[in-house]
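Asks: Below, each chain spelled out in residue letters.
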Amino acid sequence: AQSVAQPEDQVNVAEGNPLTVKCTYSVSGNPYLFWYVQYPNRGLQFLLKYITGDNLVKGSYGFEAEFNKSQTSFHLKKPSALVSDSALYFCAVRDIWTGRRALTFGSGTRLQVQP
Amino acid sequence: DGGITQSPKYLFRKEGQNVTLSCEQNLNHDAMYWYRQDPGQGLRLIYYSQIVNDFQKGDIAEGYSVSREKKESFPLTVTSAQKNPTAFYLCASTLQDLGQGSTEAFFGQGTRLTVV
Chain A
1 AQSVAQPEDQ VNVAEGNPLT VKCTYSVSGN PYLFWYVQYP NRGLQFLLKY
51 ITGDNLVKGS YGFEAEFNKS QTSFHLKKPS ALVSDSALYF CAVRDIWTGR
101 RALTFGSGTR LQVQP
Chain B
116 DGGITQSPKY LFRKEGQNVT LSCEQNLNHD AMYWYRQDPG QGLRLIYYSQ
166 IVNDFQKGDI AEGYSVSREK KESFPLTVTS AQKNPTAFYL CASTLQDLGQ
216 GSTEAFFGQG TRLTVV
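Chains A and B supply the protein sequences, listed in that same order.
What the first sequence shows, in the working numbering, is residues 1 to 115, in sequence order.
What the second sequence shows, in the working numbering, is residues 116 to 231, in sequence order.
The hints are simulated quantities; they were obtained by calculation from the structure and are not laboratory data.
C-beta atoms are modelled at their ideal positions from N, C-alpha and C, and glycine is treated no differently.
Keep in mind that the hints are not guaranteed to be accurate.
What the hints assert, rightly or not - Every beta carbon over 12 angstroms from chain B, so not counted as near; a handful from chain A, in silico:
(1) Val13
(2) Gly16
(3) Leu44
(4) Phe67
(5) His75
(6) Ser86
(7) Ala102
Said to hold, decoys possible - Cβ-Cβ distance ranges computed for the label pairs, FRET-style:
(8) A/Tyr39 - B/Asp169: 32 to 40 angstroms
(9) B/Leu210 - A/Tyr39: 19 to 27 angstroms
(10) B/Lys124 - A/Ser60: 36 to 44 angstroms
Claimed, not checked - Here chain A is said to cover these stretches of chain B; the calculated rule only asks that three of the stretch's residues, wherever they fall, bring their Cβ under 8 angstroms from a Cβ of chain A:
(11) 151–158
(12) 161–174
(13) 221–227
Put together the whole structure using the sequences plus the hints.
Replies: Given below as structure tokens:
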């Protein structure tokens, strides 16, 4: 079975400071990993993904994430937070070796960036 | 513009009624998915379909039904057997993964269902 944990319900950061949103995963094989962002009453928007290759993945809006296989983590990062980054962030995983071709999502982390 | 359209945006259901949520995509994607979102619980998979005329149950399929008669359409019916249907419902689609990589899922804007 595949699963994702986002240990923080909310992350608070001041504008201009670096931000990190944590994600750990569990799969039986190799993972496909994704980050999505959601604004109020909207669908999810894709930010970035890890499939294979370089462990540091760069995505939309200046976000990046680092895949760490030994720690089974895929933390989302940004060097300098903006107030407009305030939203709900979801990590998702798919185990490429299972027959279930659907993403499993974490519970979400609310990012609040203070001006 | 290509994308996924969910309708209606807001839906109200009386006790004992069945309601159907619409999901249409013009991305020519093979796979489509329905998720339910509740506060603090993230997204939970209800049903998914890899190809036309085929679909599989997700983690919380009880009280829901789907059909996939056309590639571009994947409607979700919330039946009276679903005892707590009030939630935000999200439809998504992806290109078919043929084992050579995986594409990201594209999401609709959601339907908020409320039982009155």
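Asks: Does A/Ala102 sit more than 12 angstroms from chain B, CB to CB?
Replies: violated (5 angstroms)
Asks: Would the non-interface assignment of A/Ser86 survive a Cβ cutoff of 12 angstroms against chain B?
Replies: Fine: 17 angstroms to the nearest Cβ keeps A/Ser86 off the interface.
Asks: Test the statement that A/His75 is away from the interface with chain B: the closest C-beta pair must be farther apart than 12 angstroms.
Replies: holds (17 angstroms)
Asks: State, for the Cβ atoms of A/Tyr39 and B/Asp169, whether the hinted interval 32 to 40 angstroms holds or is violated.
Replies: Taking Cβ atoms as reference, A/Tyr39 and B/Asp169 lie about 33 angstroms apart, which means the hint holds.
Asks: Would A/Gly16 pass as off the interface with chain B, using Cβ distances and a cut of 12 angstroms?
Replies: holds (29 angstroms)
Asks: Could you check that no beta carbon of chain B comes within 12 angstroms of the beta carbon of A/Val13?
Replies: holds (21 angstroms)
Asks: If we take the beta carbon of A/Phe67, is the closest beta carbon in chain B still more than 12 angstroms away?
Replies: About 14 angstroms separates A/Phe67 from the closest Cβ of chain B, which puts it past 12 angstroms; holds.
Asks: For the region 151–158 of chain B, count the residues whose Cβ lies under 8 angstroms from any Cβ of chain A; is that count three or more?
Replies: Per the Cβ count (4), the hint holds.
Asks: Should the label of A/Leu44 as a non-interface residue stand, given a Cβ cut-off of 12 angstroms to chain B?
Replies: Given that some Cβ of chain B is not farther than 12 angstroms from that of A/Leu44, nearest at about 4 angstroms, it is violated.
Asks: Okay, B/Leu210 versus A/Tyr39 on CB: inside 19 to 27 angstroms?
Replies: Given range 19 to 27 angstroms: holds, Cβ gap about 25 angstroms.
Asks: Is 36 to 44 angstroms a correct range for the gap between the Cβ atoms of B/Lys124 and A/Ser60?
Replies: This hint is violated: roughly 25 angstroms between Cβ atoms.
Asks: Take the region 161–174 of chain B, compare each residue's beta carbon with every beta carbon of chain A, and decide whether three or more fall closer than 8 angstroms.
Replies: Per the Cβ count (4), the hint holds.
The structure fails hints 3, 7 and 10 (numbered hints given earlier, in ascending order).
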